[in-house]
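Participant: Here is how the chains run, residue by residue.
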Amino acid sequence: MASLKELSEKKDLFVSGHRLCPGCGAGIVARQVLLAAKTPVVVVASTGCLEVASTIFPYSAWAVPWFHNAFENAASSVSGVEAAYKSLKKQGRIKKDIRFIAFGGDGGTYDIGLQALSGAVERGHRFLYICYNNQAYMNTGIQRSSATPRGASTTTAPAGTVSQGKVQFQKDLIGIMVAHQIPYAAAATVGKWNDFMSKVEKALDTDGPSFIDVLSPCRLGWRYPPEKTLEVGRLAADTCFWPLYEVVNGKYSLSYRPKEKKPITEWLKLQGRFKHLFKPENKSLLEDIQNHIDKRWEKLLKVASC
Amino acid sequence: MSERRIGKTANEAFAEAMRQINPDVVAAYPITPATEIVQIFSQFVADGKVDTEFVPVESEHSAMSAVIGASLAGARAMTATSSQGLALMWEVLNIASGLRLPIIMPMVNRSLSAPINIHCDHSDSMGARDTGWIQIFSESVQESYDNLLQAVRIAEEMFLPVMVTTDGFILSHCLELIESLSDKEVKEFIGKYQPKNFLLDIEHPITIGALDLQDYYFEHKRQEAEAMIKSKEVILKVGEEFGEKFGRNYRFFEDYKISDSEVAIVVMGSTAGTAKTVVDQLREEGIKAGLLKLRVFRPFPAKELKEVLKNVKAIAILDRSDSFNAVSGPLFSEIRNVLYDLEERPKIVDYIYGLGGRDIGLKEIRGIYQELEEIKKTNKIKTLVQYLGVRE
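In order, the protein sequences belong to chains A and B.
At position 37 of the first sequence the residue is numbered 37 (UniProt numbering), and the sequence of numbers has no breaks.
At position 242 of the second sequence the residue is numbered 242 (UniProt numbering), and the sequence of numbers has no breaks.
Be aware that one or more of the hints could be misleading.
[As the list claims (entries may be wrong)] Below, in silico cross-link-like pairs of lysine to aspartate or glutamate (EDC-like), each with a Cα-Cα straight-line distance of 16 Å or less: (1) K86(A) <-> D51(B); (2) K89(A) <-> D201(B); (3) K96(A) <-> E203(B).
Simulated from the structure, these hints should not be mistaken for lab results.
Kindly generate the complete structure, drawing on both the sequences and the hints.
Facilitator: Below you can see the structure in the form of structure tokens.
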């Protein structure tokens with residue numbers, strides 16, 4: 001892993017001028033992924049915030065070959081690119097080593113693109129899939145996804161007089177990836193750049209599919225001031241809402257153990273999407289959320305080595 | 001000419017042509033009645049007979065998505081499908097053409113659900129008629145094979161995707177003696193693929209599939225429309241060159257005894273063969289019957305069709321699909337549109353036939369010509385659109 005000084009001297013391949021919101025986590029993710037890559041890369045994007053805001057014709061924020069197909073098919077599209085690379089390399093028509101990275105939001109990854117992702121991982125293409133997970137369909141205006149946490153208010157599962165936001169807990173996509181016997185999977189968060197970029201490096205060195213679910217705070221959908229993105233990202237790890245870990249060939253290991261596990265309310269209270277949970281009548285819901293986090297954390301500690 | 005006569009079904013002929021084309025990438029998903037194409041091709045891959053990287057995807061949507069990725073990466077890429085598979089691809093069919101990718105796809109015509117049915121009609125093709133793909137129909141196994149080889153040249157010269165269709169089961173599973181070309185002849189005819197801008201050209205990074213708003217989208221779509229217009233010349237040129245080299249000429253359509261005909265049928269696919277037999281019989285009986293077999297449905301050869309059909313007195317369109325538009329089948333709408341500019345328009349009727357593989361024979365086609373004779377004599381149309389051979 002390069003030092004911060006070395007990184008600061010590296011040429012940015014995701015460049016300024018894009019139209020992501022101030023404080024957007026996705027832009028930070030894209031920049032750090034490309035800085036972490038040691039070989040040339042080709043990027044494939046799923047439809048979503050990162051795609052629409054970074055490539056408004058005739059402009060592009062990507063200084064690497066970049067391709068967007070549709071919403072649900074980043075993984076199948078990158079399969080084709082990688083297959084072409086293998087074929088042309090085998091025929092001696094391409095000499096260089098190139099790596100392949102797909103970016104999808106949680107909508108394009110947890111939901112509509114899950115089948116394509118499952119297929120691509122099962123087939124074993126060598127590519128890194130980055131899910132920049134902002135826990136809802138932010139591009140279309142903050143609709144719930146299967147990555148939205150319980151209790152969050154979204155525009156299709158809003159808090160109201162008889163409903164308290166999303167009912168279900170988010171699904172364990174890394175667990176699903178591990179069930180595919182993926183050689184490398186990891187959870188990361190915006191705000192922990194060193195951890196994230198190390199994981200990107202390891203993933204790109206993996207001879208096969210790799211998957212990183214990076215929690216990507218969205219100041220608009222999560223409703224917090226834009227300067228708090230890194231803090232919100234870090235606190236997700238400190239509350240163990242979003243533990244940082246790796247799964248290498250099925251073996252779990254923790255990447256970060258908070259010195260003091262903070263209560264979930266510390267994280268929730270920063271975000272307007274959880275505001276309604278702090279009404280006295282929603283006390284039990286808060287407890288339920290804390291219990292769920294505790295259980296997941298304990299389960300992770302059981303399977304993970306440090 | 002070193003032609004070889006071999007017995008092949010259309011599926012086998014497609015697979016054989018694919019072996020000879022030797023694409024860099026094939027991504028495909030099985031579907032009846034097209035499954036054999038990728039099955040046979042997979043064996044070629046397993047036996048090291050091609051350089052192809054085969055991607056056994058988990059759906060047709062992923063097949064087309066992967067082929068788009070491969071094509072953009074700089075590879076010659078192919079897939080094959082039918083019916084529901086084509087329908088599932090619909091979203092990305094438009095992306096393949098919108099990104100101007102020379103993808104080549106054998107497509108075995110089969111009806112669309114519901115009700116589910118695995119047999120031939122042209123509903124699947126018609127569902128994709130406005131997706132910006134060149135669509136070439138085949139009457140026989142021989143034409144299926146020849147058309148697929150020509151499709152490579154057409155696609156790569158125009159940077160447009162091409163689907164070559166064959167009739168499900170009627171041709172896909174029916175053995176026919178065909179003349180195949182040698183591997184060398186195919187290699188020379190199709191040439192090497194030279195991508196213009198491609199993802200694996202790392203030194204020249206490109207952004208493809210960008211968000212295209214009110215200020216540019218329209219111009220890009222206009223360019224796509226222009227490419228389809230220009231592809232007509234290329235289709236003719238490639239067909240002519242194929243004819244010169246291998247003795248079988250191809251144009252937009254085949255006009256069979258139509259130049260002096262008074263009554264004529266317009267049809268696509270295998271039914272043309274049956275209809276030709278009827279034309280021959282009627283000619284012996286002194287009836288001036290003709291036939292127009294449309295080969296190239298997209299781009300639609302409007303000007304050329306008008307020229308050929310203008311002197312016919314009465315025309316019947318055979319539509320192997322329905323538009324469910326409460327008017328007619330799709331081919332009828334398009335041919336009738338072509339005739340509108342004529343000072344003296346032929347009388348024209350539509351027969352929707354053969355849905356879900358319902359058989360059509362000499363008797364039914366003879367009946368259509370009889371009705372055309374009646375229209376010719378009386379100059380009156382009794383029924384504009386009929387469903388042929390249906391119980392109602």
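Participant: Each hint should be assessed against the structure and marked as holding or not.
Facilitator: How the hints compare with the structure:
1. Between K86(A) and D51(B) the alpha-carbon distance is near 10 Å, which keeps this suggested pair within the 16 Å criterion.
2. Among the hinted pairs, K89(A) with D201(B) is consistent with the structure: their alpha-carbon atoms are about 13 Å apart, no more than 16 Å.
3. Of the supplied pair hints, the one linking K96(A) and E203(B) holds, its CA atoms being roughly 11 Å apart against a limit of 16 Å.
When each numbered hint is compared with the structure, no violation occurs for any of them.
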